[in-house]
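Engineer: Sequence:
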Amino acid sequence: SQEHAGHFWELCGARVVKWQDRWMNSQYKSDYGKFRLTAGKFYGDAVRDKGLQTSENSKFYAISSRFKPFSNKGRSLVIQYTVKHEQKIDCGGGYIKIFSSNLDQKNMSGDSQYYIMFGPDICGSETKKVHVILNYKSKPHPMKKRIRCKVDGFTHLYTLILRPDQTYEVKIDNEIIESGNLEDDWNFLPPRKINDPTAKKPKDWDDVPQIDDPNDVKPEDWDEPEYILDTSAEKPEDWDNATNGEWQPPMIKNPLYRGEWKPRKIDNPNYKGVWPCPQIENPNYSPDFNIYSYENISIIGLDLWQVRAGTIFDNFLITDDEQYAEDFGDDTWGETKRSLTTASQWLQMGCSAAQKSHNAEHYSHSFSCPPHVYSCFQHARYGEGSIEHVSPMQLLP
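For the sequence shown, the residue numbers in my numbering are 2 to 398.
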(Lines of atoms letter the chains of each structure in order from A and count residues from 1; the text may use other names and numbers.)
(Lines give C-alpha, C1' and ligand atoms only; values in the text may rest on other atoms or scores of the structure.)
Protein backbone atom coordinates (compact mmCIF):
# COMPACT_ATOMS: atom_id res chain seq x y z
CA SER A 1 0.00 0.00 0.00
CA GLN A 2 1.03 3.62 -0.38
CA GLU A 3 1.05 4.08 3.38
CA HIS A 4 3.71 1.41 3.95
CA ALA A 5 5.49 1.13 0.62
CA GLY A 6 6.28 4.78 0.12
CA HIS A 7 8.34 6.05 -2.76
CA PHE A 8 11.83 7.24 -3.47
CA TRP A 9 12.64 9.59 -6.30
CA GLU A 10 15.91 10.89 -7.63
CA LEU A 11 16.76 12.73 -10.81
CA CYS A 12 20.38 13.23 -11.72
CA GLY A 13 20.17 15.95 -14.35
CA ALA A 14 23.64 15.03 -15.53
CA ARG A 15 22.48 11.65 -16.86
CA VAL A 16 19.10 11.92 -18.57
CA VAL A 17 18.28 11.31 -22.23
CA LYS A 18 15.39 13.35 -23.67
CA TRP A 19 15.07 15.34 -20.48
CA GLN A 20 12.24 17.38 -22.00
CA ASP A 21 10.04 14.29 -21.69
CA ARG A 22 10.56 14.25 -17.93
CA TRP A 23 10.18 18.00 -17.32
CA MET A 24 7.17 20.10 -18.31
CA ASN A 25 7.43 23.81 -19.07
CA SER A 26 4.63 25.96 -17.73
CA GLN A 27 2.47 27.77 -20.28
CA TYR A 28 1.05 30.23 -17.75
CA LYS A 29 3.15 32.95 -19.42
CA SER A 30 4.26 33.07 -23.03
CA ASP A 31 7.67 34.56 -22.35
CA TYR A 32 9.20 32.20 -19.77
CA GLY A 33 12.94 31.70 -20.02
CA LYS A 34 14.25 28.45 -21.47
CA PHE A 35 16.28 25.78 -19.70
CA ARG A 36 19.08 23.89 -21.40
CA LEU A 37 21.11 20.84 -20.42
CA THR A 38 24.79 21.61 -19.87
CA ALA A 39 27.67 21.18 -17.46
CA GLY A 40 28.45 24.87 -17.81
CA LYS A 41 31.70 26.74 -18.27
CA PHE A 42 33.68 24.60 -15.83
CA TYR A 43 33.04 21.22 -14.25
CA GLY A 44 34.61 18.11 -12.84
CA ASP A 45 33.17 15.73 -15.43
CA ALA A 46 31.72 16.72 -18.81
CA VAL A 47 28.82 14.25 -18.63
CA ARG A 48 28.21 13.68 -14.93
CA ASP A 49 27.98 17.39 -14.12
CA LYS A 50 25.29 18.27 -16.65
CA GLY A 51 22.20 19.88 -15.21
CA LEU A 52 19.31 22.20 -16.02
CA GLN A 53 20.64 25.71 -16.68
CA THR A 54 18.74 28.98 -17.01
CA SER A 55 19.73 30.47 -20.36
CA GLU A 56 18.06 33.89 -20.79
CA ASN A 57 18.61 37.06 -18.77
CA SER A 58 15.79 38.95 -17.05
CA LYS A 59 13.28 36.13 -17.32
CA PHE A 60 10.85 34.17 -15.21
CA TYR A 61 11.32 30.39 -15.31
CA ALA A 62 8.73 27.72 -14.59
CA ILE A 63 9.37 24.02 -15.12
CA SER A 64 8.36 20.92 -13.17
CA SER A 65 8.65 17.14 -13.08
CA ARG A 66 6.07 14.68 -11.78
CA PHE A 67 6.67 11.39 -9.97
CA LYS A 68 4.49 8.81 -8.23
CA PRO A 69 2.67 10.40 -5.26
CA PHE A 70 3.67 9.43 -1.73
CA SER A 71 3.26 10.54 1.87
CA ASN A 72 6.09 11.04 4.32
CA LYS A 73 3.86 10.48 7.35
CA GLY A 74 5.70 8.41 9.93
CA ARG A 75 9.13 8.85 8.34
CA SER A 76 11.67 11.50 7.51
CA LEU A 77 11.50 13.59 4.38
CA VAL A 78 14.85 14.49 2.82
CA ILE A 79 14.97 16.97 -0.07
CA GLN A 80 18.32 17.57 -1.71
CA TYR A 81 19.79 19.08 -4.87
CA THR A 82 22.78 21.04 -6.15
CA VAL A 83 23.01 24.64 -7.39
CA LYS A 84 25.82 26.32 -9.28
CA HIS A 85 25.67 30.09 -9.85
CA GLU A 86 28.56 30.16 -12.30
CA GLN A 87 27.35 33.47 -13.79
CA LYS A 88 28.17 35.50 -10.65
CA ILE A 89 24.47 35.95 -10.00
CA ASP A 90 23.39 39.44 -8.96
CA CYS A 91 19.67 38.89 -8.45
CA GLY A 92 17.77 35.66 -8.83
CA GLY A 93 16.38 32.56 -7.18
CA GLY A 94 18.10 29.21 -6.85
CA TYR A 95 15.40 27.41 -4.88
CA ILE A 96 13.06 24.53 -5.65
CA LYS A 97 9.42 23.92 -4.82
CA ILE A 98 7.68 20.68 -3.87
CA PHE A 99 4.02 20.32 -4.86
CA SER A 100 1.14 17.94 -4.36
CA SER A 101 -0.25 15.84 -7.18
CA ASN A 102 -3.03 18.42 -7.64
CA LEU A 103 -0.74 20.93 -9.35
CA ASP A 104 -1.68 21.82 -12.92
CA GLN A 105 1.84 21.77 -14.34
CA LYS A 106 0.91 23.59 -17.54
CA ASN A 107 -0.32 26.53 -15.47
CA MET A 108 2.30 26.48 -12.73
CA SER A 109 3.16 30.01 -11.61
CA GLY A 110 4.35 31.99 -8.63
CA ASP A 111 0.77 31.85 -7.32
CA SER A 112 0.59 28.05 -7.37
CA GLN A 113 0.26 26.61 -3.88
CA TYR A 114 3.27 24.54 -2.89
CA TYR A 115 4.20 22.32 0.04
CA ILE A 116 7.83 23.35 0.45
CA MET A 117 10.05 26.08 -0.95
CA PHE A 118 13.70 25.48 -0.22
CA GLY A 119 17.02 26.86 -1.41
CA PRO A 120 19.13 29.96 -1.97
CA ASP A 121 17.89 33.37 -3.02
CA ILE A 122 20.27 36.21 -3.89
CA CYS A 123 19.53 39.83 -4.76
CA GLY A 124 22.06 42.62 -4.28
CA SER A 125 23.89 43.01 -1.00
CA GLU A 126 20.80 42.65 1.19
CA THR A 127 19.38 39.26 0.18
CA LYS A 128 21.70 36.26 0.44
CA LYS A 129 19.59 33.71 2.25
CA VAL A 130 18.29 30.16 2.18
CA HIS A 131 14.50 29.98 2.01
CA VAL A 132 12.81 27.31 4.09
CA ILE A 133 9.10 27.99 3.61
CA LEU A 134 6.71 25.26 4.72
CA ASN A 135 3.01 25.10 3.92
CA TYR A 136 0.75 24.55 6.90
CA LYS A 137 -3.03 24.60 6.61
CA SER A 138 -2.81 26.08 3.09
CA LYS A 139 -0.59 28.99 4.15
CA PRO A 140 3.15 29.44 3.52
CA HIS A 141 5.19 29.93 6.67
CA PRO A 142 8.75 31.28 6.35
CA MET A 143 11.40 30.19 8.80
CA LYS A 144 12.04 32.66 11.63
CA LYS A 145 15.79 32.05 11.60
CA ARG A 146 17.95 33.51 8.85
CA ILE A 147 20.37 31.22 7.00
CA ARG A 148 23.03 32.68 4.72
CA CYS A 149 23.52 30.92 1.40
CA LYS A 150 26.70 30.38 -0.59
CA VAL A 151 27.41 33.24 -2.99
CA ASP A 152 30.36 31.99 -5.06
CA GLY A 153 30.24 30.45 -8.54
CA PHE A 154 30.83 26.83 -7.51
CA THR A 155 28.42 23.92 -7.12
CA HIS A 156 26.85 23.60 -3.67
CA LEU A 157 24.68 20.89 -2.15
CA TYR A 158 21.51 21.96 -0.31
CA THR A 159 19.66 19.50 1.94
CA LEU A 160 16.47 19.86 3.99
CA ILE A 161 15.42 17.15 6.46
CA LEU A 162 12.01 17.02 8.18
CA ARG A 163 11.53 14.31 10.81
CA PRO A 164 8.51 12.71 12.53
CA ASP A 165 9.75 13.99 15.90
CA GLN A 166 9.15 17.53 14.55
CA THR A 167 12.85 18.32 14.27
CA TYR A 168 14.60 19.55 11.15
CA GLU A 169 18.04 20.11 9.69
CA VAL A 170 19.33 22.35 6.92
CA LYS A 171 22.64 21.27 5.44
CA ILE A 172 24.90 22.94 2.92
CA ASP A 173 27.63 20.82 1.35
CA ASN A 174 26.74 17.95 3.72
CA GLU A 175 27.38 20.10 6.80
CA ILE A 176 24.62 21.04 9.25
CA ILE A 177 24.06 24.79 9.05
CA GLU A 178 20.85 25.04 11.08
CA SER A 179 18.66 22.70 13.10
CA GLY A 180 15.92 22.80 15.67
CA ASN A 181 12.23 22.18 16.25
CA LEU A 182 9.57 22.96 13.65
CA GLU A 183 7.18 24.41 16.21
CA ASP A 184 9.85 26.70 17.68
CA ASP A 185 11.37 28.05 14.47
CA TRP A 186 8.16 28.65 12.47
CA ASN A 187 4.94 30.38 13.44
CA PHE A 188 2.71 27.43 12.63
CA LEU A 189 0.84 27.41 15.94
CA PRO A 190 -0.20 29.98 18.54
CA PRO A 191 2.29 30.27 21.42
CA ARG A 192 2.01 27.66 24.16
CA LYS A 193 1.88 30.37 26.81
CA ILE A 194 0.70 33.98 26.85
CA ASN A 195 0.81 36.89 29.28
CA ASP A 196 -1.82 36.71 32.00
CA PRO A 197 -4.33 39.42 31.01
CA THR A 198 -5.45 39.78 34.64
CA ALA A 199 -1.95 40.41 35.99
CA LYS A 200 -0.96 43.98 36.86
CA LYS A 201 2.45 45.49 37.36
CA PRO A 202 3.07 46.47 41.02
CA LYS A 203 2.81 50.20 41.62
CA ASP A 204 6.30 50.33 43.11
CA TRP A 205 7.89 48.52 40.17
CA ASP A 206 10.36 50.95 38.58
CA ASP A 207 11.11 50.01 34.96
CA VAL A 208 12.78 53.27 33.92
CA PRO A 209 16.48 52.48 33.32
CA GLN A 210 17.75 56.09 33.50
CA ILE A 211 16.60 59.26 35.24
CA ASP A 212 17.55 62.94 35.26
CA ASP A 213 20.53 63.74 37.47
CA PRO A 214 19.04 65.76 40.36
CA ASN A 215 22.46 67.32 41.03
CA ASP A 216 22.92 68.65 37.52
CA VAL A 217 22.47 72.44 37.27
CA LYS A 218 21.80 74.53 34.19
CA PRO A 219 24.73 76.88 33.39
CA GLU A 220 24.00 80.57 33.98
CA ASP A 221 24.92 81.48 30.40
CA TRP A 222 22.78 78.75 28.85
CA ASP A 223 19.67 80.76 27.95
CA GLU A 224 20.05 82.54 24.65
CA PRO A 225 17.35 83.44 22.11
CA GLU A 226 17.16 81.23 19.02
CA TYR A 227 17.12 84.27 16.69
CA ILE A 228 18.77 87.69 17.00
CA LEU A 229 18.82 90.90 14.95
CA ASP A 230 21.40 91.05 12.21
CA THR A 231 23.48 93.98 13.42
CA SER A 232 25.46 94.03 10.20
CA ALA A 233 22.39 94.74 8.07
CA GLU A 234 21.87 98.27 6.72
CA LYS A 235 18.67 99.99 5.74
CA PRO A 236 18.33 100.26 1.95
CA GLU A 237 18.85 103.77 0.59
CA ASP A 238 15.49 103.73 -1.17
CA TRP A 239 13.61 102.67 1.96
CA ASP A 240 10.56 104.89 2.51
CA ASN A 241 9.31 104.82 6.11
CA ALA A 242 6.05 106.45 5.08
CA THR A 243 5.35 103.71 2.56
CA ASN A 244 7.11 100.69 4.05
CA GLY A 245 6.97 101.50 7.73
CA GLU A 246 9.91 101.82 10.07
CA TRP A 247 12.81 99.66 8.85
CA GLN A 248 13.86 96.79 11.10
CA PRO A 249 17.00 94.69 10.57
CA PRO A 250 16.29 91.04 9.68
CA MET A 251 16.54 88.21 12.21
CA ILE A 252 19.30 85.59 11.94
CA LYS A 253 20.15 82.35 13.76
CA ASN A 254 21.86 82.99 17.06
CA PRO A 255 25.20 81.14 17.07
CA LEU A 256 25.08 81.01 20.89
CA TYR A 257 21.70 79.29 21.00
CA ARG A 258 21.95 75.76 22.45
CA GLY A 259 18.30 74.80 22.63
CA GLU A 260 16.34 73.69 25.66
CA TRP A 261 18.55 72.68 28.56
CA LYS A 262 18.04 69.18 29.87
CA PRO A 263 19.82 67.61 32.83
CA ARG A 264 22.12 64.72 32.02
CA LYS A 265 20.92 61.16 32.53
CA ILE A 266 22.20 58.78 35.18
CA ASP A 267 21.43 55.14 35.93
CA ASN A 268 18.30 54.77 37.99
CA PRO A 269 19.31 53.21 41.34
CA ASN A 270 15.75 51.90 41.77
CA TYR A 271 15.53 50.27 38.34
CA LYS A 272 14.21 46.70 38.54
CA GLY A 273 14.24 45.85 34.86
CA VAL A 274 11.35 44.99 32.59
CA TRP A 275 8.44 43.66 34.59
CA PRO A 276 7.99 39.95 33.84
CA CYS A 277 4.29 39.49 33.32
CA PRO A 278 3.18 36.09 34.62
CA GLN A 279 2.51 33.51 31.90
CA ILE A 280 -0.51 31.27 31.62
CA GLU A 281 -1.38 28.39 29.31
CA ASN A 282 -2.76 29.69 26.02
CA PRO A 283 -6.34 28.42 25.69
CA ASN A 284 -6.04 28.75 21.90
CA TYR A 285 -2.98 26.52 21.68
CA SER A 286 -3.38 22.97 20.48
CA PRO A 287 -0.38 20.79 19.61
CA ASP A 288 -0.05 19.28 16.15
CA PHE A 289 2.34 16.37 15.82
CA ASN A 290 2.01 16.15 12.03
CA ILE A 291 3.47 19.49 10.98
CA TYR A 292 6.32 17.67 9.27
CA SER A 293 4.12 15.46 7.07
CA TYR A 294 2.61 15.98 3.63
CA GLU A 295 0.24 13.86 1.57
CA ASN A 296 0.50 13.17 -2.17
CA ILE A 297 3.97 14.63 -2.64
CA SER A 298 4.29 14.31 -6.39
CA ILE A 299 6.00 17.22 -8.17
CA ILE A 300 9.28 19.08 -7.98
CA GLY A 301 9.50 22.43 -9.71
CA LEU A 302 11.68 25.43 -10.47
CA ASP A 303 9.69 28.67 -10.30
CA LEU A 304 12.22 31.49 -10.51
CA TRP A 305 13.13 34.98 -11.59
CA GLN A 306 16.71 35.68 -12.67
CA VAL A 307 18.27 38.93 -13.85
CA ARG A 308 21.48 37.24 -14.97
CA ALA A 309 20.95 33.68 -16.17
CA GLY A 310 23.36 30.76 -15.93
CA THR A 311 22.39 28.85 -12.77
CA ILE A 312 22.69 25.05 -13.07
CA PHE A 313 20.39 22.74 -11.05
CA ASP A 314 21.29 19.09 -10.67
CA ASN A 315 21.27 15.96 -8.49
CA PHE A 316 17.66 16.26 -7.30
CA LEU A 317 16.84 13.75 -4.59
CA ILE A 318 13.78 13.02 -2.45
CA THR A 319 14.07 10.17 0.05
CA ASP A 320 13.44 9.12 3.66
CA ASP A 321 16.98 7.78 4.12
CA GLU A 322 19.25 10.46 5.60
CA GLN A 323 22.39 8.38 5.22
CA TYR A 324 21.61 7.59 1.60
CA ALA A 325 21.14 11.30 0.91
CA GLU A 326 24.50 12.08 2.49
CA ASP A 327 26.21 9.34 0.49
CA PHE A 328 24.43 10.38 -2.70
CA GLY A 329 25.58 13.96 -2.13
CA ASP A 330 29.14 12.82 -1.60
CA ASP A 331 29.05 10.69 -4.74
CA THR A 332 27.68 13.56 -6.88
CA TRP A 333 28.48 16.99 -5.48
CA GLY A 334 31.45 15.62 -3.53
CA GLU A 335 33.00 14.05 -6.62
CA THR A 336 32.50 17.29 -8.57
CA LYS A 337 34.17 19.24 -5.78
CA ARG A 338 37.10 16.83 -5.62
CA SER A 339 37.57 16.96 -9.40
CA LEU A 340 37.50 20.76 -9.48
CA THR A 341 39.84 20.96 -6.50
CA THR A 342 42.32 18.72 -8.33
CA ALA A 343 42.00 20.83 -11.48
CA SER A 344 42.44 24.03 -9.49
CA GLN A 345 45.55 22.66 -7.80
CA TRP A 346 46.95 21.66 -11.19
CA LEU A 347 46.32 25.13 -12.60
CA GLN A 348 48.09 26.72 -9.64
CA MET A 349 51.21 24.56 -10.04
CA GLY A 350 54.22 25.77 -11.94
CA CYS A 351 54.40 23.64 -15.09
CA SER A 352 57.05 23.37 -17.78
CA ALA A 353 56.21 24.27 -21.36
CA ALA A 354 56.11 20.57 -22.22
CA GLN A 355 53.68 19.82 -19.40
CA LYS A 356 51.44 22.69 -20.45
CA SER A 357 51.47 21.51 -24.03
CA HIS A 358 50.68 17.94 -22.99
CA ASN A 359 47.85 18.92 -20.67
CA ALA A 360 46.33 21.65 -22.84
CA GLU A 361 44.63 19.05 -25.02
CA HIS A 362 43.19 17.30 -21.95
CA TYR A 363 41.68 20.45 -20.48
CA SER A 364 40.33 21.70 -23.80
CA HIS A 365 38.45 18.39 -23.96
CA SER A 366 37.30 18.34 -20.34
CA PHE A 367 36.04 21.92 -20.39
CA SER A 368 34.43 21.93 -23.83
CA CYS A 369 30.69 22.25 -24.36
CA PRO A 370 29.25 18.76 -23.77
CA PRO A 371 26.61 17.09 -25.93
CA HIS A 372 23.07 17.06 -24.60
CA VAL A 373 22.80 13.66 -22.92
CA TYR A 374 20.26 12.79 -20.23
CA SER A 375 19.52 9.60 -18.30
CA CYS A 376 17.65 8.90 -15.12
CA PHE A 377 17.12 6.47 -12.28
CA GLN A 378 14.01 4.42 -11.94
CA HIS A 379 11.98 4.77 -8.82
CA ALA A 380 13.33 2.76 -5.93
CA ARG A 381 11.05 1.23 -3.35
CA TYR A 382 10.95 1.61 0.41
CA GLY A 383 11.29 -1.58 2.37
CA GLU A 384 9.99 -1.92 5.91
CA GLY A 385 13.22 -0.66 7.42
CA SER A 386 15.32 0.63 4.57
CA ILE A 387 15.30 1.55 0.91
CA GLU A 388 15.56 -1.15 -1.71
CA HIS A 389 17.60 0.47 -4.44
CA VAL A 390 16.88 -0.09 -8.10
CA SER A 391 19.80 0.02 -10.51
CA PRO A 392 20.07 3.00 -12.91
CA MET A 393 18.36 2.47 -16.24
CA GLN A 394 19.26 4.27 -19.45
CA LEU A 395 16.20 5.84 -21.05
CA LEU A 396 16.53 5.51 -24.80
CA PRO A 397 14.89 8.00 -27.21
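By construction, these hints were calculated from the structure, which means they are not laboratory data. Take the hints with a grain of salt, since some may be wrong.
Dumping the calculated DSS-like pairs for lysine-lysine here, alpha-carbon to alpha-carbon at most 30 Å [to be verified]:
{"hint": "1", "residue 1": "Lys204", "residue 2": "Lys130"}
{"hint": "2", "residue 1": "Lys138", "residue 2": "Lys42"}
{"hint": "3", "residue 1": "Lys151", "residue 2": "Lys129"}
{"hint": "4", "residue 1": "Lys194", "residue 2": "Lys74"}
Keep in mind the model is a prediction, meaning the values are calculated, not measured.
Engineer: Could you run down the list of hints and mark each one as holding or not?
Structural biologist: Results of checking the hints against the structure:
{"no.": "1", "hint": "Lys204 - Lys130", "verdict": "violated (46 Å)"}
{"no.": "2", "hint": "Lys138 - Lys42", "verdict": "violated (43 Å)"}
{"no.": "3", "hint": "Lys151 - Lys129", "verdict": "holds (8 Å)"}
{"no.": "4", "hint": "Lys194 - Lys74", "verdict": "holds (28 Å)"}
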